[in-house]
Amino acid sequence: MKTIEPNRSPSEIAVSAHGALESPLITGNQTFHSVTEKIAGILERKTPKGWYVGFSLAVSLLMLLVGTVGYLVWEGTGIWGVNNPVGWGWAIVNFIWWVGIGHAGTLISAILFLLRQQWRTSINRFAEAMTLFAVICALLFPGIHVGRMWVIYYFFPIPNQMSMWPNFRSPLLWDFFAVGTYFTVSLLFWYTGLIPDLATMRDRAKSRMKKIVFGLLSLGWRGGNRQWQHYELSYLILAGLSTPLVLSVHSVVSTDFATSIIPGWHTTIFPPYFVAGAIFSGFAMVMTLALIARKIFGLEHFITLNHLEKMNKIMLVTGSMVGYAYIMEFFIAWYSGNEFESFAFINRAFGPYAWAYWTMFICNVLLPQLFWFKKIRTSIPIMFTMTIFINIGMWFERFVITVTSLSRDFLPSSWDYYIPTIFDVFTFIGSFGLFFTLFLLFLRFLPMISMAEVKGVLPQADPHYGHDHASKKGGAA
Amino acid sequence: MSTEKALQQLSPTADPKKYWTSLGQIEQSPEFQKMVEREFPEGASEMTDPMSRRRFINLMGASMALAGLASCRRPVEKIIPYVIQPEQITPGIAQRYATTMPFGLSAFGLTVESHEGRPTKLEGNHLHPASMGRADAFIQASILDLYDPDRSQLVQKNGKKATWAAFVDFWSKLYVSYLNNGGQGLAILSESFASPTLYRLKQNFTQTFPKAVWATYEPVSDENIFAGISAATGQSLQPNYDYSKANVVLALDSDFLMMDSENLTAARGFATGRRVASETDSMNRLYVVEPAFTITGGMADHRLRLQSGQVGTFLATLAKALQRQNVKVDNRWLPAQNEPSSIDTAWIKELARDLVANQSQSLIVAGRRQPAEVHALVFALNQSLGNIGKTVVYRALNDAAAPSTESLVELSKALKSGEVETLFILGGNPAYSAPADLAFDKLLTTAKQTIHFGKNADETGSLTTWQLPQSHYLESWGDTRSADGTASVIQPLIEPLFDSRNTVEMLSLITTGALPKAYDVVRETWNSLIPGNFEAGWRRVLHDGVLADSATPVIHPAIDKKLATFLQAHPFPATSATAASMEIIFTASASTFDGRFANIGWLQELPDPNTKLTWDNAALLSHTTAQKLGVKNEDLVAVELKGRMISLPVWIMPGQADWTVVVALGYGRTKAGRIGNYIGQNTYTLRTSESLHFTRGAKITPTNGIYALACTQDFHGLDVEKLASEGIDRRLPTLIREATLAEYRNHPEFAGQESEFPNNSMWPDWKYDTGYQWGMSIDLNVCTGCNACTIACQSENNIPIVGKRQVAKGREMHWLRLDRYYSGNLDAPQMVFEPVGCQQCEMAPCEQVCPVAATTHDAEGLNVMTYNRCVGTRYCSNNCPYKVRRFNFFNYTKDTPEIARMAMNPDVTVRFRGVMEKCTYCLQRINRGKQVAKKENREVRDGEIVVACQQTCPTDAIVFGNINDPDSQVSKMKKQNRDYGLLAELNTRPRTSYLAKLRNPNPELELSNHRG
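Here the protein sequences come in this chain order: A and B. Per numbering that gives the first Met the number 0, the first sequence runs over residues 0 to 476. Per numbering that gives the first Met the number 0, the second sequence runs over residues 0 to 1011.
Just chain A, with the same shape it has in the complex (with noise of 0.2 angstroms):
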């Protein structure tokens, strides 16, 4: 990579950026040229082949989805292994699954934005695309897991031929709302966060076609003074916006376990559990993109060892509080006195979905206390594999709440136990598919780092750069 800026020493810039002593945000020495170069230069270059492997791959399984998703039409939901005590599955496990990834992107675009913690910058972009993508592989599922998918407008709040409204008490259509409306204002916080960097795109497209469709995209953006300051403001509304919502979805997801009577869902911990749950996933599963991203695009310089140790502190945490509120669960239910509710659990730990449960448990729990090791936090090939097995134990969280308090609660004459078919693992596997189809068309197509924000990290970009030295370098690129 050429650099066109003399050399700096990482300190200094630190020092000067941020007026305290920390490792560098951006390291070797960008510029505001060369971050343009870095970044816009990855989507002009010819498409690398492995790029078209990877699409490849995502398609087959994106069509693998499809074809499950026509038979699952055609035929009905009996191809999954659904039954009468387990009437979620695989469908409803992954959904939540899903939602809990697409925390992540909103919680560092907008939460960290507005703590104003730098360090976002490097990887807001991809990790808010990723929650799209995340949240349209959510919203696939309760879609397609009701019984008659043609008839689902009825849960629209819509003028309709029966005059009837839907069902205000039921949480499955607040999560309706919820995750509707989390994605809506994710869309517009990652589009707006977008505009600046589809004119620097547009600006340097050379082919007539990225010129129209850059142009259209980008708004008529110029750069000016005053759309800066109005783009400022309205990223600072949606990131105010976007903020409760991070909290919303996932309490409100929590709602259809925890209003319900079944022992093992009917429990008040859910909402903060499943918050802190989903920004633990969230953030494994950025960090399983961003290593991949990093090694494969060179981005090392702007997605640094910093960045990274610092999203494992968030996954030590959060881990640490899902851990808690697990071990809460069992002592309320001890405490409880109640015998179903104490059942619940102990047969979670112990009964036939054991396995599950400590595969959960494990993931979740234990293997992310490593992290309090400085070593083990900056080691790149450990944290990828722990964020492969937290997306892993956070899967089997899900799993281990909805089915094991269904196949075994009130009545012990209709337990049964809940055996996944070919078509549940068809269905998850495809809407990775979906996933990484929606995420390599994003990486080929868009910047993936968001040039605008990160020049805004650089030294060069205080005002106050370069006024206590000499040089009077490092100006606009």
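These are calculated hints, taken from the structure and not from any lab test. Keep in mind the model is a prediction, meaning the values are calculated, not measured. All residues carry an ideal CB built from backbone N, CA and C; glycine is no exception. Check before you lean on any hint, since a few could be wrong.
Stated by the list, open to error - Derived contacts from chain B toward chain A, CB cut-off under 7 angstroms, selection only:
#1 PHE888
#2 ALA983
#3 LEU985
Starting from the known structure of chain A, fit chain B onto it as the hints suggest.
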């Protein structure tokens, strides 16, 4: 955990009453766990899946046959509506006609709901003494036998299409020659019947063809009972038990509440003596001695497991004990040898004391599988106890062709020696159900021509020269006599769907050489039966279904002198069956009976009340036997008897006698039709004419195979771990509340404890205090678990069957299920049933969570489902603590043949896939009742609306009505102190409540019973 430890945990010292649902829950072995992990339902290739099999069925045959059925076909002969007599038929308003279902020697009077000439539902006829307005599962499901798409639809000769005219032509030529030689070479093999017309025709036949052979065979019958009574009295008599008058009942290997004949009257009478309204009431006491659990054993206050072959010895020992207590017992009735030590003497002593204390108010009854000598001694003891004439009366067997296995053996001999030239088989399926040693299917080729007259071209019909389609009883004219001799008519509800003739016509044809109209033949018989004006009397009979006061007179038989010699000649075995020579018991199946109902999907999918198995039979073993043989549930074993062998999966049953294996008949049919073919294993292949019911000498060898069974309660042997079993033990006493009569008297409020939810809601409750408020009360004390309600519900509400594979997945659709639990230890447990349908909660958890408001509450307190609105999120089912909601995972009715759809109730929607459904309290019946009341400008009267399960319940355990009316029967039941709501502590406020179960153990025996 070893079984011994498990047993210790369930010892009587551990209070309170402990329940467990299955063996697996107590017994936990690593192999069993491995089996659970195998997650068998996915890979089990043995499973037959009617869902997919039905795909392949070509509907063409049925559609063609039904081409003429598009409009209704009402019989031309005049029949009279039973309840409503409209000036003309109003479409949408069902009519009810009376008819009778013949079932062996029994007959059950029915009223049939008919929609525009299409019978849809069978219910008992109040005026008929054998049904008394009730019907069991078999009777109700026989509607599907009518609409069986696999019925024989046309005359076949050597498998080729032929006509009735061709057959009449064929027979009239033969007829003349037989007329001349007196019927030499002519033979008839018929089913048993009790019918004035058929009997008259049979007499005519014997007169016309004096040299002809007439054999009567039933695979499952009361033959032994008749033989025993005949040995004791010298007369051919039919016993009529009156359980309502018996304070103490001893049932010896008898399932009088369900599988034995005249079960409806027995259950009704028994419940009368069982029902308790308050703690001051008394109730009867039931002792049961049986090899394997039956629902009768489940109702027992004291139950002793004993090999079938030991029952006679038990009875002899009891006789001696009675003798010691000064009951007149002739020494010559008793065996000389000493009492065997294997039978609990304390038990017998107390039982004898109880019987003596209740002389003339007690009853000893033995089951149909027990040999004649047991029945003879039972008669003698009942006589000595003064019960005859009180709790049991005897009547002559009038107008009956009683079953006789001997006559079949004789016929077989004649066939073998080539003496039979022409063989008529009137009904039945001997090629399948005849004893294996006769090899009847091979004998059929020895006759020059064989004619099978039957509903199906079954295992027999496909081997005979001619196959003639027989009409279903709902298409036939005929008549019957019930157990007390009451005459009733069979009148057709619909013209024959296919080119069939009924039995009366067929027998007339054989006797006279011409095909008459059955209507005329039956009327001719009744000319002599009806006193006074015939036409008026006939009309009355058609309306009522029965001829009033036609019961035959009671006979007071004395003990025949030959009884002693008979009993001496037939000693009871003193030894018991052992590992080397196990006892095998052939039972009628609760689903297919003797195989005749094999093609009825409702029955195949109906869980056996005791095993909860569907779509299969199994080798039932006690847990000790299984352990010693080293086999587990679903292991395939070879069952060997006298050189014959079949392979069956093992199913372990608590409370079964050791070294017995119980196998159900009626499975493994090959020509039953699309539903019944290759379901289970044919156990007739082990059954010989010497040992029709049970015998020793069976051997069980484990094989390596595994065969997956579809069980509706103990799914996948899952309840194995100790944790779960302990959890169940802790919760069950709150789910099924039970006490002994003594405990109830001491604590009359025992049932109501801890079910009340503290109501401190922030919002005022909805007041359900105006109009009708529907509610239900189920008396667990008289519920026998007989399954009749499940089928009534299935028939009334168009509930689909889903097939074995779907049941194995846990997707059965029954709206009303019977939960079965055990308490006590594995060897001597008690069994209890709890019918669970939608509880119609006032605070329904399902309603709150439905996102589209498809399930809501109505002003009458009903939790109603709007199928059109249902999206199918299944959230309601998840949130239902009773798990009574049923989801249509597939379009289960898509492949229902056109003809079987005729059995659908037009008042109830047929649900599409993706829709949730559940018990509605028979909303269509409620609405009909309200319409009628509104038209008459009055309130609905109590008891006017009768829901399907309630209607058919033989013991009246289910009561439905308006709980807003303090005088209604249901309100009165709910006011009883035994009333409790299932899981009411969840604040669901269920509208269905239960009356706690009671048992009435003999205080002297209570301890030893628990000791097991």
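Hints versus structure:
no. : hint   : result
1   : PHE888 : holds (3 angstroms)
2   : ALA983 : violated (12 angstroms)
3   : LEU985 : holds (6 angstroms)
When the structure is compared with the earlier hints, a violation turns up for hint 2 alone.
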